[in-house]
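There are 2 protein chains.
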Amino acid sequence: MTTRLSIEAAERLVAEAMQRAGTGPAQAASVARALVAAEAAGQGGHGLRRVAAYAAQAKAGKVDGFAAPTTERVRPGVLAVDAAHGFAFPAFDLVAGQLPALACETGIACAAVRRSHHAGVLALTVERFAQEGLVALMVANAPGAMAAWGGTRPLFGTNPIAFAAPLEGADPLVIDLSLSKIARGKVMAARQKGVPLPEGWALDRDGNPTTDPDAAMAGTMVPAGDAKGAALALMVEVLAAGLTGANFAYEASSLFDDVGDPPGLGQFVVAIDPVAIGGPGTLRRLAGLAREIAADPGTRVPGRRGIEARRLAAETGLAVEDDVMAAIAAV
Amino acid sequence: MTTRLSIEAAERLVAEAMQRAGTGPAQAASVARALVAAEAAGQGGHGLRRVAAYAAQAKAGKVDGFAAPTTERVRPGVLAVDAAHGFAFPAFDLVAGQLPALACETGIACAAVRRSHHAGVLALTVERFAQEGLVALMVANAPGAMAAWGGTRPLFGTNPIAFAAPLEGADPLVIDLSLSKIARGKVMAARQKGVPLPEGWALDRDGNPTTDPDAAMAGTMVPAGDAKGAALALMVEVLAAGLTGANFAYEASSLFDDVGDPPGLGQFVVAIDPVAIGGPGTLRRLAGLAREIAADPGTRVPGRRGIEARRLAAETGLAVEDDVMAAIAAV
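From first to last, the protein sequence lines are chains Z and L. For the first sequence, this note's numbering begins at 46 and goes up steadily by one. For the second sequence, this note's numbering begins at 46 and goes up steadily by one.
Derived from the structure by calculation, the hints contain no laboratory data. Just so you know, not all the hints are guaranteed correct.
Treat identical chains as interchangeable: a pair holds within one or across any two.
Distance condition first, Cα-Cα at most 20 angstroms in a straight line; then the derived SDA-like pairs of lysine to any residue [unchecked claim]:
#1 K231 x R250
#2 K104 x V376
#3 K104 x A234
#4 K226 x S51
#5 K238 x G189
#6 K226 x D259
#7 K226 x R198
#8 K226 x V369
#9 K231 x R78
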């Protein structure tokens, strides 16, 4: 069974739950917008199901619900952002507010976010830049889940890469992918249900393929594209943690329980002014590329599905499952 | 049979061949350094075997061997680079010379190269930045070889991504991967030998898996990580061609024959000052990450193999196959 909620009602519900758990009103509103938008985009794994864990972490002090993120412009093109062990989304709001001006001035600029938390659906953050006419690339690290290629230790997170570009006369192009072949949430779901995993998803602690969800959780996820995905996950660690001063994946605590130190994860956002670089025809050229893709039967311009799902949800509301409603009410 | 040449002798041999084909002395020297370094790094597909095609293209005017690349600093953090339909390597030399100063000033800077040619082994270019203490990310597009996910038209190149980061007290970390599962050169090699392809490498013109090299050349390459590799290849098109004003993959002529207009490809390089962003301990932290990788049995820190191969070649020279020697002599 489900309950249908408008976007506004869902945001209110989440924000109130977060405030009950010990989160400031502005921070709770930011978290609520991000989780509800993720749910509306069809990314339930980063949506309302996260409220219970977020609330437990705020209660336990593993995340500081009252933290106020700060920025420092350490170079003309660099914002150093301290999320102060609060939720990531208030820090992303600051970045979305401040970074575009730097990018327009210097042509390319970046934000390095440290002492941060779960980055959620990166597509939603990079899309904000595209809505302002900027190209954005964002990477985030996550608690250890993948090994270096050939290894067994979970040194890297599933480490998403997201990218958005504005298109003349159309919704932006938005790419968002994690570097594991399959999201780790699917392994957790299989473990909860007690069903085996499909082959090729995960490795056990000795690096051998496994279909046992428990062995997979004790082991590592298979990277997307094998060695190539593992290499890109390493690149993300360097950018999102190495450059920001955040914890590396193997130093970060879990995002799913309320035990231990704050995760202290990092995110790195690059914003680029496409017209400054490519001239006034750039967004038209990008729209042409998207049209070539759309004209090839069987394909889809990345990002369209999520944008359309959010439009539909804005009109007809969200169908929230009863167990999710109950978990939020129980906070 | 092979001939053993010192690095210097190999560079002289290539530079002389390029000059005979109609390439300026400085441009020929740059091409020779790049192709010999690729060969020494074990990347024969981007090494001395390219001399014949490069020379034919210079003779035919498909590439302008005398072109002088130019740069314009269009924003504090942006170099717009016109390779002027010459070889890519003289343009990369300019970028390697000029971009670090911008990156140190603004914290992050980029070079957008248009009207360019074969980018060769990107690892060699990004490594130059790491040798100066900078982190570098580079992408290049290439003639159409991969489809958008689910499609059949070769809209994207195999589009490499490369990344380098300096490590305190160690060789840099260097990642370099193309976004097709397998290099297209391996399909060409199978076609020459008349042997079938392994399964999973390529699709025919209708998008169906094929092991026939001819059908594969008329079709598309399978992206690394399936839909994820295709999405990243699109990201590379946006950066390397969309932002630079270069041809998209589907507009670019072949790098292997001397027919038609110049390829007009593009490359995009981002250079980042890691210490400006992460503070003085950053390169030590990055070295620690590399040590964690190296400590996991069965793994390798990306880039080490190529750097060691080049060191060995500098000591003992290159073993060049007789057919390659003959092709260079025949220019």
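Hints, verified against the model:
no. : hint        : verdict
1   : K231 x R250 : within (18 angstroms within a copy, 34 angstroms between copies)
2   : K104 x V376 : within (10 angstroms within a copy, 74 angstroms between copies)
3   : K104 x A234 : neither (25 angstroms within a copy, 61 angstroms between copies)
4   : K226 x S51  : neither (33 angstroms within a copy, 44 angstroms between copies)
5   : K238 x G189 : neither (23 angstroms within a copy, 44 angstroms between copies)
6   : K226 x D259 : within (18 angstroms within a copy, 30 angstroms between copies)
7   : K226 x R198 : within (17 angstroms within a copy, 25 angstroms between copies)
8   : K226 x V369 : neither (27 angstroms within a copy, 40 angstroms between copies)
9   : K231 x R78  : neither (24 angstroms within a copy, 48 angstroms between copies)
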